[in-house]
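**Student:** So the sequences go chain by chain: A, B and C. If you read the first sequence in our numbering, its first letter stands for residue 350, the second for the next number, and so on. If you read the second sequence in our numbering, its first letter stands for residue 350, the second for the next number, and so on. If you read the third sequence in our numbering, its first letter stands for residue 350, the second for the next number, and so on.
Just so you know, these hints were derived from the structure itself, not from any lab. Predicted model only: the values in this text are computed from it and were never measured.
Which residues of chain B face chain A? A partial, calculated answer using Cβ under 10 Å:
1. A436
2. R484
3. G487
4. A490
5. Y509
6. K518
7. R519
Calculated cross-link-like contacts (lysine-lysine; reagent style DSS-like; alpha-carbon spacing at most 25 Å):
8. K646(B) - K672(B)
9. K548(C) - K518(A)
10. K417(A) - K518(B)
11. K549(C) - K518(A)
12. K417(C) - K518(A)
13. K518(B) - K549(A)
14. K548(A) - K417(A)
15. K518(C) - K417(B)
16. K549(C) - K417(C)
17. K417(A) - K549(A)
18. K549(B) - K417(B)
19. K518(C) - K548(B)
20. K417(C) - K548(C)
21. K646(A) - K672(A)
22. K646(C) - K672(C)
23. K548(B) - K417(B)
24. K549(B) - K518(C)
25. K518(B) - K548(A)
Think of the CB as a built atom: it goes at the ideal place given N, C-alpha and C, for glycine as much as any other residue.
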Amino acid sequence: MNGTSVSTSTNVSIGNNSNDLRQSQQYLQLYQPPQINGDFLGKHIISVSQFNRHDLEILFDATASIRKRLRQNDRGLLQLLAGKMMATLFYEASTRTDMSFQAAMRHLGGEVIAASNGVQFSSVYKGENLADTVRAAGCYADVVILRHPLVGSSYEAAYYLDRLGEQIKRRPVIISGGDGTGEHPSQALLDIFTIYDFKKRIDNLMITLVGDLRNGRTVHSLARLIARYEAVGTTLCLVSPESLRMPSAIVEFVSAHGVHVIETDNLAEVLDHSDVIYWTRIQEERFEDRSEYEAIKDGFIMRPETLAQARPDTILMHPLPRKHEMGTPADHDALDADPRSVYFQQMENGMFVRMTLLAKALGGLWV
Amino acid sequence: MNGTSVSTSTNVSIGNNSNDLRQSQQYLQLYQPPQINGDFLGKHIISVSQFNRHDLEILFDATASIRKRLRQNDRGLLQLLAGKMMATLFYEASTRTDMSFQAAMRHLGGEVIAASNGVQFSSVYKGENLADTVRAAGCYADVVILRHPLVGSSYEAAYYLDRLGEQIKRRPVIISGGDGTGEHPSQALLDIFTIYDFKKRIDNLMITLVGDLRNGRTVHSLARLIARYEAVGTTLCLVSPESLRMPSAIVEFVSAHGVHVIETDNLAEVLDHSDVIYWTRIQEERFEDRSEYEAIKDGFIMRPETLAQARPDTILMHPLPRKHEMGTPADHDALDADPRSVYFQQMENGMFVRMTLLAKALGGLWV
Amino acid sequence: MNGTSVSTSTNVSIGNNSNDLRQSQQYLQLYQPPQINGDFLGKHIISVSQFNRHDLEILFDATASIRKRLRQNDRGLLQLLAGKMMATLFYEASTRTDMSFQAAMRHLGGEVIAASNGVQFSSVYKGENLADTVRAAGCYADVVILRHPLVGSSYEAAYYLDRLGEQIKRRPVIISGGDGTGEHPSQALLDIFTIYDFKKRIDNLMITLVGDLRNGRTVHSLARLIARYEAVGTTLCLVSPESLRMPSAIVEFVSAHGVHVIETDNLAEVLDHSDVIYWTRIQEERFEDRSEYEAIKDGFIMRPETLAQARPDTILMHPLPRKHEMGTPADHDALDADPRSVYFQQMENGMFVRMTLLAKALGGLWV
Numbered sequence: 350m351n352g353t354s355v356s357t358s359t360n361v362s363i364g365n366n367s368n369d370l371r372q373s374q375q376y377l378q379l380y381q382p383p384q385i386n387g388d389f390l391g392k393h394i395i396s397v398s399q400f401n402r403h404d405l406e407i408l409f410d411a412t413a414s415i416r417k418r419l420r421q422n423d424r425g426l427l428q429l430l431a432g433k434m435m436a437t438l439f440y441e442a443s444t445r446t447d448m449s450f451q452a453a454m455r456h457l458g459g460e461v462i463a464a465s466n467g468v469q470f471s472s473v474y475k476g477e478n479l480a481d482t483v484r485a486a487g488c489y490a491d492v493v494i495l496r497h498p499l500v501g502s503s504y505e506a507a508y509y510l511d512r513l514g515e516q517i518k519r520r521p522v523i524i525s526g527g528d529g530t531g532e533h534p535s536q537a538l539l540d541i542f543t544i545y546d547f548k549k550r551i552d553n554l555m556i557t558l559v560g561d562l563r564n565g566r567t568v569h570s571l572a573r574l575i576a577r578y579e580a581v582g583t584t585l586c587l588v589s590p591e592s593l594r595m596p597s598a599i600v601e602f603v604s605a606h607g608v609h610v611i612e613t614d615n616l617a618e619v620l621d622h623s624d625v626i627y628w629t630r631i632q633e634e635r636f637e638d639r640s641e642y643e644a645i646k647d648g649f650i651m652r653p654e655t656l657a658q659a660r661p662d663t664i665l666m667h668p669l670p671r672k673h674e675m676g677t678p679a680d681h682d683a684l685d686a687d688p689r690s691v692y693f694q695q696m697e698n699g700m701f702v703r704m705t706l707l708a709k710a711l712g713g714l715w716v
Numbered sequence: 350m351n352g353t354s355v356s357t358s359t360n361v362s363i364g365n366n367s368n369d370l371r372q373s374q375q376y377l378q379l380y381q382p383p384q385i386n387g388d389f390l391g392k393h394i395i396s397v398s399q400f401n402r403h404d405l406e407i408l409f410d411a412t413a414s415i416r417k418r419l420r421q422n423d424r425g426l427l428q429l430l431a432g433k434m435m436a437t438l439f440y441e442a443s444t445r446t447d448m449s450f451q452a453a454m455r456h457l458g459g460e461v462i463a464a465s466n467g468v469q470f471s472s473v474y475k476g477e478n479l480a481d482t483v484r485a486a487g488c489y490a491d492v493v494i495l496r497h498p499l500v501g502s503s504y505e506a507a508y509y510l511d512r513l514g515e516q517i518k519r520r521p522v523i524i525s526g527g528d529g530t531g532e533h534p535s536q537a538l539l540d541i542f543t544i545y546d547f548k549k550r551i552d553n554l555m556i557t558l559v560g561d562l563r564n565g566r567t568v569h570s571l572a573r574l575i576a577r578y579e580a581v582g583t584t585l586c587l588v589s590p591e592s593l594r595m596p597s598a599i600v601e602f603v604s605a606h607g608v609h610v611i612e613t614d615n616l617a618e619v620l621d622h623s624d625v626i627y628w629t630r631i632q633e634e635r636f637e638d639r640s641e642y643e644a645i646k647d648g649f650i651m652r653p654e655t656l657a658q659a660r661p662d663t664i665l666m667h668p669l670p671r672k673h674e675m676g677t678p679a680d681h682d683a684l685d686a687d688p689r690s691v692y693f694q695q696m697e698n699g700m701f702v703r704m705t706l707l708a709k710a711l712g713g714l715w716v
Numbered sequence: 350m351n352g353t354s355v356s357t358s359t360n361v362s363i364g365n366n367s368n369d370l371r372q373s374q375q376y377l378q379l380y381q382p383p384q385i386n387g388d389f390l391g392k393h394i395i396s397v398s399q400f401n402r403h404d405l406e407i408l409f410d411a412t413a414s415i416r417k418r419l420r421q422n423d424r425g426l427l428q429l430l431a432g433k434m435m436a437t438l439f440y441e442a443s444t445r446t447d448m449s450f451q452a453a454m455r456h457l458g459g460e461v462i463a464a465s466n467g468v469q470f471s472s473v474y475k476g477e478n479l480a481d482t483v484r485a486a487g488c489y490a491d492v493v494i495l496r497h498p499l500v501g502s503s504y505e506a507a508y509y510l511d512r513l514g515e516q517i518k519r520r521p522v523i524i525s526g527g528d529g530t531g532e533h534p535s536q537a538l539l540d541i542f543t544i545y546d547f548k549k550r551i552d553n554l555m556i557t558l559v560g561d562l563r564n565g566r567t568v569h570s571l572a573r574l575i576a577r578y579e580a581v582g583t584t585l586c587l588v589s590p591e592s593l594r595m596p597s598a599i600v601e602f603v604s605a606h607g608v609h610v611i612e613t614d615n616l617a618e619v620l621d622h623s624d625v626i627y628w629t630r631i632q633e634e635r636f637e638d639r640s641e642y643e644a645i646k647d648g649f650i651m652r653p654e655t656l657a658q659a660r661p662d663t664i665l666m667h668p669l670p671r672k673h674e675m676g677t678p679a680d681h682d683a684l685d686a687d688p689r690s691v692y693f694q695q696m697e698n699g700m701f702v703r704m705t706l707l708a709k710a711l712g713g714l715w716v
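So here's chain A without its partners, still in its complex pose (with noise of 0.2 Å):
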């Protein structure tokens, strides 16, 4: 049910003893996360590789009966994780990661902990590494939300609780809440659920994500969940500029799971074919040359005016926060005031999405 270590020794030599050598990074090849296949019980949940199309299936459906539940006041829901404990542990603040996992932690009954004053002023300040401070929220917790700023810290995690689990006969899971550039798993978990939410399927759709997606993290792992879930019959169209194209590893990971890839520079050639607008900001700093993010910037800000010309059941949505790539102030109440943004119902999903991934992943009663 674990995770399994690609090496096979317990003290496993991870570079030459040296700190440099351990980072967290080297955590990537050295743990592999288990694959759902349709149980989630005891799992960490840190990549969105671990999901197949009927896992992603088994989630849409709970986190529709979830949601369902608690609208209707359900107070049975109080009791699927009562006496269960989760940790927090945010090397970064990240508001609605953080507080919608909370919120799903304890809509199930369970119970969440945190260090008082943020994580960035505590042991860690003392210097202890990651490994020691997952394992102290790991001997409290039954499971822990690590969001961090290094790729591969959420598969040192997971590699350490495994190894604490083994010291105290029980074994805490790890979901991931982001980190660095790397995987966020839960944020591509809520976004595809939201697609198939309002538009009843993944397959035959046109699904078109915006912006920066050569450092996008989000849409890298929306992309590669749509792979996995081998939608039929759909299109990716990546609009970007010429700079900032999705990495071709992930275009190819795509294609080679029989979705459909456009890449463009234009947005104006694929919006009224959209069944989906994903849009994501284009940071001015990712530019070496000032005069070409000038040259661009217009053509990738959503306005009122750009949405106007989307078909009328197509949907917006947009990982928040949001800055200038959705215009003005004003702008972003005409955009709110658009029946096709779903932004919120997306954020508020992100909640549900989480109580499931949480209910499940400790074996609430429901699940």
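Position chains B and C relative to chain A; hints supplied.
**Tutor:** Just chains B and C now, with coordinates in the frame of chain A:
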């Protein structure tokens, strides 16, 4: 049941699309908070102007009742808001308001979420505006407690939570925890409840407010609330240095509601007639002329020898925290031991009043 | 049941009204914590000096029992402190103490409040003193967990909570989470419980404390607690550099209680006789002469080859967090995999011991 937007357009034109013109303060005109009129359910609580005498009488009764039940360890309280979620957004620190709201929600069986690292390190840091952050909190919670340094921020939050409600088909409420130099309604409510609690009436009292009455948010709100109660036969004594007098608009408002007002810079004139003495701090930095401060400061320090001159049935209140305005630490100890000092009971009442507000606004079974 | 003030006056004259003379440390003389004497109910827990052998035996039994119930997912635990409120005031970070107290309270069905942004950003910032802040917490909570950098702060808090109790007719208790270089009683209690847990006795053991025994709060408290247990036939081995020896007052206290003491600077002399090795860090900055540090430092690093020389039934403890005193990260991994290393179990025991303290001090039904 909601507050009503003054403008009829959904995409309100706020200024000229300029951030400078979209300041929170504009929402004081744009948004009109709903009158309580005997029914708290589903209403934002952002101003003392929402309350009339009848509403306050309801609040006094309910608060006394809820306090009694809590002291009797009545576990039924834990059912009142079971399954309800409160989010705290504290953009500035306020230990008492923050902790008492948390305790209030939890004593009613409700749950609390907050940004683990403090909201000041969160999305805000990434440049997100209040309208979006408060809607994020609203997506995960039934009630948002907002503390923010800008006047009008609570009105802005109420406005945008109403917008959010149109989208997610569930309207979270906000309860203000203080907005800058604006209002701090739950503080004023706990203050007036404490007067009622000890004196068994608001009518026919002599209530003396002392300190910086020009800048003090607390004393402004309390004065307005006494006026809204339309206290019969009550005198409000306003004791301040000449340069820090209560704004004339508030004095006129209070007088217009039948409360007699006396203004003086000499406490001795009114001390032994006062039923209630409400003490606040004078800050040196409010004086342009330091010599003016030096000349008057000793008259605005409450010391044991000052209190000695008050009547035996007078109560001494203070919103806390306190610094030099109650003398030395030894003065604190002496004042604290005087049975007329009720500021700790006043502080505890803060929790009971907030329990009442939460239970009534969220529709706990008991209300 | 309360502690008794040494002074008979309520308005204790503490110094000459000067803040400088009102330091927390004065309360070590001014306030005498109550002896447990078999009854924890309503008592502050701020010093190991409150415990005798019988109290520790009660604690050991209760902790083993509560751990068993938690591991069996006994939901009855959630009823023990239902409706009770704990406030955490952490003036310095301490992930383990903080999170384990939170988890402990919540596993017993109690609730937890804290300043959302960390207490260091709160009223304290506005210049409020500890006496007032701790009473604010006491107004909203039944138990306050205080971590503070000043010696005597927990005594000061206990003193002022007793004063508060006279006013609000309900006396909250404090449990210390560590006060500066003073005491950290719950750490010492979890340490001695861990010894008992693995060795089934405190009598007839050879317990070796290693590291900076002059400055280490943890080892001071543990040594004193072993003395208070009046362990029969037990030897305490104190291994430190000459300049960092255990204070003679503690050595004399331990000897006077019938525990044999050996002092040495050479671990090799006692390693293979030790039943328990309690490892702590030596900090370079403690040495005036850097060459002295260089000369001895290697003898105070626990490495796998050091542990290899210990007996098979020895246990290796550490209060954590750890840094270079357990070698490189690879050394950590090797030590962690050794079944004699019990510091993770020790850490987990921290939560169980704190559950016992909370349940007993607050009068959970089970005690």
